[in-house]
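Enquirer: Respectively, the protein sequence lines represent chains A and B.
Under the numbering used here, the first residue of the first sequence is numbered 1, with each subsequent residue one higher.
Under the numbering used here, the first residue of the second sequence is numbered 1, with each subsequent residue one higher.
Don't read these hints as lab results, they were simulated from the structure.
Don't be surprised by glycine CBs; every beta carbon is placed ideally from N, CA and C.
The reader is advised that the hints may include incorrect statements.
Stated by the list, open to error - Facing chain A, a subset of chain B residues (Cβ under 7 Å, in silico):
1) Pro-127
2) Val-129
3) Ser-235
4) Ala-326
5) Leu-328
6) Ala-351
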Amino acid sequence: MNKIKCECGHINPEGTVLCEACGKPVEGNQHIDGNDGKKLLNMRYDGSARRSQTYQKSIIDKIWSFFSSVKVGVWLIVLALIASIFGTIFPQEQFIPQDAVSRDPAIFYEDRYGIWGLMYYQLGFHHMYSSYWFITLIALIGISLVICSLDRFVPLFRALRNQKPKKHKKFLSRQRLYSESINVDDSDVDKLVQGLKNSRYKITEEDGQILAEKGRFSRWGPYVNHIGLIIILIAAILRTTPIMFTEEYMWVREGEQRVIPGTNNQYYIENKDFILETHDQNDERFQEAFLKEEEIASNFQTDVVVYEAKNADVVGAEPELEPILEHSIKMNNPAKFDKYTLYQQGYQLNEFDNMSFHIHEADDSEEKSLGDFTINLSNPESVYELDSGFRVELTNYYPDYIMTENGNPASETDFPRNPAFVVTVYPPDSEEGEVSFLGIGRNIDATGENQYKVAIDDVEFRDVSGIAVSSDRTLPYFFAGAMIFMIGVIQGMYWQHRRVWINKQKGNTLLLAAHTNKNWHGIKRDIEKAVADTNITMVEDQQEIDE
Amino acid sequence: MDLYSISSGALLIAFILYLVATFFFGGAIRQDKSERHQKTKAGSIGLVITIIGFASQLVYFITRWMLTGHAPVSNLFEFTTFLGMSMIFAFIIIYIYYKTAFLGVFALPLATIIIAYASMFSTGAAPLVPSLQSNWLHIHVTTVALGQGILFISFVAGLMYLIRQIDQTKLTFRNGMLEAVIYCIFLFIGFIVITTIFNAVSYQATFEVDRDGQAVMAEYQLPPLAAPKDSTLLSENVMNPWFEAPAWMHGDEAGRKLNTVIWSFFTGTIIYGIAFLISRKRIGKRLHPLVKGVKPDMLDEIMYRSVAIGFPVFTLGGLIFAAIWAQLAWGRFWGWDPKEVWALITWFFYAAFLHLRLSRGWHGEKSGWLAVVGFAIIMFNLIVVNLILASLHSYA
Chain A
1 MNKIKCECGH INPEGTVLCE ACGKPVEGNQ HIDGNDGKKL LNMRYDGSAR
51 RSQTYQKSII DKIWSFFSSV KVGVWLIVLA LIASIFGTIF PQEQFIPQDA
101 VSRDPAIFYE DRYGIWGLMY YQLGFHHMYS SYWFITLIAL IGISLVICSL
151 DRFVPLFRAL RNQKPKKHKK FLSRQRLYSE SINVDDSDVD KLVQGLKNSR
201 YKITEEDGQI LAEKGRFSRW GPYVNHIGLI IILIAAILRT TPIMFTEEYM
251 WVREGEQRVI PGTNNQYYIE NKDFILETHD QNDERFQEAF LKEEEIASNF
301 QTDVVVYEAK NADVVGAEPE LEPILEHSIK MNNPAKFDKY TLYQQGYQLN
351 EFDNMSFHIH EADDSEEKSL GDFTINLSNP ESVYELDSGF RVELTNYYPD
401 YIMTENGNPA SETDFPRNPA FVVTVYPPDS EEGEVSFLGI GRNIDATGEN
451 QYKVAIDDVE FRDVSGIAVS SDRTLPYFFA GAMIFMIGVI QGMYWQHRRV
501 WINKQKGNTL LLAAHTNKNW HGIKRDIEKA VADTNITMVE DQQEIDE
Chain B
1 MDLYSISSGA LLIAFILYLV ATFFFGGAIR QDKSERHQKT KAGSIGLVIT
51 IIGFASQLVY FITRWMLTGH APVSNLFEFT TFLGMSMIFA FIIIYIYYKT
101 AFLGVFALPL ATIIIAYASM FSTGAAPLVP SLQSNWLHIH VTTVALGQGI
151 LFISFVAGLM YLIRQIDQTK LTFRNGMLEA VIYCIFLFIG FIVITTIFNA
201 VSYQATFEVD RDGQAVMAEY QLPPLAAPKD STLLSENVMN PWFEAPAWMH
251 GDEAGRKLNT VIWSFFTGTI IYGIAFLISR KRIGKRLHPL VKGVKPDMLD
301 EIMYRSVAIG FPVFTLGGLI FAAIWAQLAW GRFWGWDPKE VWALITWFFY
351 AAFLHLRLSR GWHGEKSGWL AVVGFAIIMF NLIVVNLILA SLHSYA
């Protein structure tokens, strides 16, 4: 390392642009901050020696220089921005609407958006934000954040710690705000210092030379907010592991008790009641809204009891359930227990619960019952033995019946939304059964020769709640990251690092120079106030944009 | 008087006062170098009128809140009006700090256009659906609007910088682009004017649209130039549509939206043309003398500082509060919904802006362009994402 000794005696690290102590421009290094041929000095990092600007030989140096460049950082941000825009042209795959022809992305995009949709799908834009290259881009931004911050923070910290009130004239005269005053009384200097003190500047005096400084901590704002962002990115990586984050979705019927998925059979849930409420349509205040929509929901709520299984780890044992929580889960009011949170996310009204039937003779116009039975639609039995001796075999069950294009019966989903059955009825002591097809509004005799008919007596309905179960241990990290980001960004944006140098030269000349990292208007006002009643010349802004 | 009339009356008063204040700020612009950036009587009057207007708008806000039982930020009209209000608020703060009357000449009319634009949407109050029933509605939405209001000031300062600094003596690419930005503002005015005219005469045309075999009604409040796809006109004595909306535009509302866009272009262009004929020069050139007395440094500083102040507020409201609420309501703090993505795009953009300010050569004019583009992104998120891209936030 070739240390640079300044004429003021301070020893600077290699690559220093402005002496850390007196600010004198180091000869031969001025190109680094672009000071050559410029009237004003680049004060962005106080002319400190940044690794990226100093060492450029080895491959590591080159990678370091690459990622420490703000220009590269901005490019990465712009690329992420453009990629994000492309991801919103058509809906992402998770937002393919329910009413789409097919929810299969391979079909949906071309069907709805034609050739552009096909291209969108083939380029993988339909899952843009989980694509490897998008994630890589974000990761590169993360690397850039770390390297940029380290590259600047360390030398800047050094430079600000080593700064001295006495500055070289070349440093002062090349500040944006500068003035020279002659024949200044000491009392005027005192007034100036007092004025700055009143504006809460901290005064450092050494050998009669003065530095007034305030808000230095704002210089660390960018590094603090970058730490916050890094924490957020790390939390995002952690969230991809099942230890930190799991998410399940379950449908729970009213009255049903079931194990909560994703909890290792440790917790059970019972749905006491699902409630859907709507706003009062006669409410005068909202008449205009009700013209457009007849019903506006006001509440989705599931009243649940959560149980803990006391002996969940005993294989084969019937779990002993102990209620631990009663809660009305609503939107904006999830239920929390242990590390899990339950969210109200969906519902299905009036799902078929039970259907009861009776058997009668086909030609009996009074339909006199020869025995009845009830099918539990979410848990049907395969054979129903009737008291009267009839036996009904459930040959086929279609919970959500549809007729396929080639004329075969099928079930669209596993939910009993439109139940249909093929049953075989065996009369008492007979081995020969009769096949019937039963459904809502359907009662088809397969052969046309059936002696007995099965009729629907009653249907019971119940609601189903869709509940998301999530266990997210990363939330505190995201929150901490966000808070640190906010602190950093406020620290850096709402305060400014202002410095005023007051240096006496030989022959009673006073050099006044000032620098701030932002809000030049503010620092000018501070100085203006402080020099108001003195003979000291107000600093001149040497960088006004030409008029 | 009922609350509803008080509320709408107060909003109208605010609207008028903002326009009146604009003229006072216009009178406060000093061409004389020595008197610049000093308090002037006209400027002070302008500020007082603006503050009274703001108070009046606050009355609108509070009475409407009392009326509906929730903060009026839940539909497009309410949110956009509130955005206009926060723009005025940001302007008042900046004025108190910088004493910049000249800023009012541009900021007030632009904010007023936003408020007028808001009133073109259904002003009826709607009860809150379950997902919106949360205090986070107030916290999240008001913070976002405040952040955007402050960023709006950077747009105003940036626009003024461009008008001030770009050479208007001959037609160049740069002042052509500037003129295009100004033309876009005229399109907003066109939308407002044409909607107001046809609302005043209660124009209505109804179509029956075939949607997968089902008949759906589509209501037009503007004469139909573009009909919905596969539709029949039901109304009589209205003009016959010239063409049908193309098939790739989806949704029952696509035809009506396209029709509105066409009308806005049409009217905006005519108004721009009239303005052009009256001033007999490009509008940018016409406005140039108005800002000649303003120090460009000052504009650059205001532009940068409002980004520096607005960016954290926007981050807090648009990303952090938004994520907290999304976590509570939907169980996921981030879901790549278009509105969320566009908030992230806005954030990326201003982050890039702040980083570019670190390097030389990005102050001044380049920053001015960035400030304009940044605000265009915000408006895109407000208008296009709400009205065109499908989103959980489509509450128009």
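Enquirer: Would you mind marking each hint as holding or not holding in the structure?
Expert: Now the hints, each set against the structure:
1. Pro-127: Because about 4 Å separates Pro-127 of chain B from the closest Cβ in chain A, which is inside the 7 Å limit, the hint holds.
2. Val-129: Since chain A brings a Cβ to about 6 Å from Val-129 of chain B, closer than 7 Å, the hint holds.
3. Ser-235: Violated, because the Cβ-Cβ distance from Ser-235 of chain B to chain A comes to roughly 18 Å (cut-off 7 Å).
4. Ala-326: violated (11 Å)
5. Leu-328: holds (5 Å)
6. Ala-351: At 6 Å from the nearest chain A Cβ, Ala-351 of chain B passes the 7 Å test, so the hint holds.
The structure does not agree with the numbered hints 3 and 4 stated previously, though it agrees with the rest.
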